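Listed in order, the protein sequences are those of chains V and B. Residue numbers are given in the working numbering: position 126 of the first sequence equals residue 179, and the series is strictly consecutive. Residue numbers are given in the working numbering: position 187 of the second sequence equals residue 240, and the series is strictly consecutive.
Keep in mind that the hints are not guaranteed to be accurate.
[What the hints assert, rightly or not] So these bits of chain V aren't anywhere near chain B, every CB distance computed over 12 angstroms:
hint: 1; residue: P189
hint: 2; residue: E190
hint: 3; residue: A197
hint: 4; residue: V214
hint: 5; residue: D295
hint: 6; residue: A313
[As the list claims (entries may be wrong)] Output of the computed footprint for chain V on chain B, the stretches with three or more beta carbons under 8 angstroms from beta carbons of chain V:
hint: 7; segment: 94–100
hint: 8; segment: 209–220
Hint data in this document are derived by calculation from the structure and do not stem from the laboratory. If you're wondering where the values come from, they're calculated on a predicted model, not measured in any experiment. The beta-carbon is built from N, C-alpha and C at its ideal position, and this holds for glycine as well.
The lines below spell out each chain.
Number of protein chains: 2
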Amino acid sequence: MSDAPIAIFDSGVGGLTVMAAIAKRLPQERLVYLGDTARLPYGTKSAETVTRYALQATRALMRFAPKALVVGCNTASAVALPALTAAFAPVPVIGVVEPGARAAVAASTGNGITVIATEGTVRGGAYLRAIRALSPEARVIQRACPLFVALAEEGWTTGPVPEIAASRYLADIFGSFDRPDTLVLGCTHFPVLAGAIAKAAGDGITLVDSAATTALETDRVLDDRGLRRNGPAHAPAFLATDAPERFARVGSQFLGREIASDQVELVDFGP
Amino acid sequence: MSDAPIAIFDSGVGGLTVMAAIAKRLPQERLVYLGDTARLPYGTKSAETVTRYALQATRALMRFAPKALVVGCNTASAVALPALTAAFAPVPVIGVVEPGARAAVAASTGNGITVIATEGTVRGGAYLRAIRALSPEARVIQRACPLFVALAEEGWTTGPVPEIAASRYLADIFGSFDRPDTLVLGCTHFPVLAGAIAKAAGDGITLVDSAATTALETDRVLDDRGLRRNGPAHAPAFLATDAPERFARVGSQFLGREIASDQVELVDFGP
Chain V
54 MSDAPIAIFD SGVGGLTVMA AIAKRLPQER LVYLGDTARL PYGTKSAETV TRYALQATRA
114 LMRFAPKALV VGCNTASAVA LPALTAAFAP VPVIGVVEPG ARAAVAASTG NGITVIATEG
174 TVRGGAYLRA IRALSPEARV IQRACPLFVA LAEEGWTTGP VPEIAASRYL ADIFGSFDRP
234 DTLVLGCTHF PVLAGAIAKA AGDGITLVDS AATTALETDR VLDDRGLRRN GPAHAPAFLA
294 TDAPERFARV GSQFLGREIA SDQVELVDFG P
Chain B
54 MSDAPIAIFD SGVGGLTVMA AIAKRLPQER LVYLGDTARL PYGTKSAETV TRYALQATRA
114 LMRFAPKALV VGCNTASAVA LPALTAAFAP VPVIGVVEPG ARAAVAASTG NGITVIATEG
174 TVRGGAYLRA IRALSPEARV IQRACPLFVA LAEEGWTTGP VPEIAASRYL ADIFGSFDRP
234 DTLVLGCTHF PVLAGAIAKA AGDGITLVDS AATTALETDR VLDDRGLRRN GPAHAPAFLA
294 TDAPERFARV GSQFLGREIA SDQVELVDFG P
């Protein structure tokens, strides 16, 4: 048993979908969230830069002495997990890629898995490796959909713009005669666009959102180590490296409940 | 007369539209461009963070001993110009906001000016102040269009997605009976979307792109100080703070000519 919080890290507000899933599955846990809004998005940046930013930003979480770190950002999970694991040891570090890959392999009926993600995640190939490690024969198609991040951030989650964008990104994959049966939302921004994405993919496609499976994995890790908390519910804490009022405003729709801007602490890295 | 280069600074690749205009107007000048791709976009970040990033990034340009600094980024021009002017003194620093405001006031027939820009530029109100300083009675409407940045970066500059997006942002302004006559593209990303934007704005609207007017202003400043160069043409230099190959690929369409990825030097700020 441990009263320490679970720390959740993301480049911005997208990881709040992971936070929401963890809060739902583990309602008794204390949660602290950090969004590196001063340097978002990570998805178009190099692996070296993402790793450097992730290490620097997560340092602000160490003062909470968390019992686990969840990397609720696909790009950072895909490229910076080894560095973060080393920096936080012996605190367990949980990424979103492996749980997502496991859920995809479990869901697929054998006709192939498509992973949609940021440019950085696709280029890094982490989903491809994680899926192949579980299912060496799986047919995997990756597709970078960077505009989805901006659409989600702008709150344009329904209507013609996201639908046409989704169709432009996905029509060739899901219009083919051997269309995949499973579609992984490999970016934490994408679940808010699930409707438009599902419409573009068409009938009979299973959408895999790594938020729920990452919450399950977090539960399993805490259980394994005897780190679950049994105290009463505790208000979450939010940190952002820039523009806390924007974090609160845009973040509320990702978390699925209101965040007050005075609930968000600004973390300053200095010059 | 001075053989020193003109330095051009932007958060990413958008300022290359300004560079193209300067190269066209002043073909004999040496140009060096820096894109702060490690921290882009600036448009959603706070004034303090943008100023800090701009000061840090432009330091890399000082080794070229430039004779002028052009801030080819509306957000940085809107919030960081005083700090950059102080840091580079006595080297003149030229932003894009004032030339754009001057061109808008010159173009307007009196029915009002609309400025479209990033959230940061709109919030800072620099265009509003610059236009009012020149024309105190002018009716000015500002509108943040953050998705345009992502569309431009993605290369989705024509077709239904940018057109519907432009209509969603602009329909209420240009559908009104007292529609403005002038539309300022207050972000260096926007000129590549000019077709979709013009279509949404409708007939009889003058689009003002600050790139050409900033080139004119640069010419005037050099002329005033006797700093023009008369040597033969010189290949430009490109610096980026992250992902030089992406800079070259995406940047080529903003510059309007090919940039080879080995032409782009990576500038590392360290941890």
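Verification of the hints:
1. P189: Answer for V/P189: holds, closest chain B Cβ roughly 31 angstroms.
2. E190: The assertion about V/E190 holds, with a minimum of 33 angstroms to chain B.
3. A197: Contrary to the label, V/A197 does not stay out of reach of chain B, its closest Cβ about 10 angstroms off (not over 12 angstroms).
4. V214: With a cut-off of 12 angstroms, V/V214 comes too close to chain B, as the shortest Cβ separation is near 5 angstroms.
5. D295: violated (5 angstroms)
6. A313: Holds, since 18 angstroms exceeds 12 angstroms.
7. 94–100: Holds: 3 residues of the segment 94–100 of chain B have a Cβ under 8 angstroms from chain V.
8. 209–220: Satisfied; 5 residues make the cut.
The structure fails hints 3, 4, 5 (numbered hints given earlier, in ascending order).
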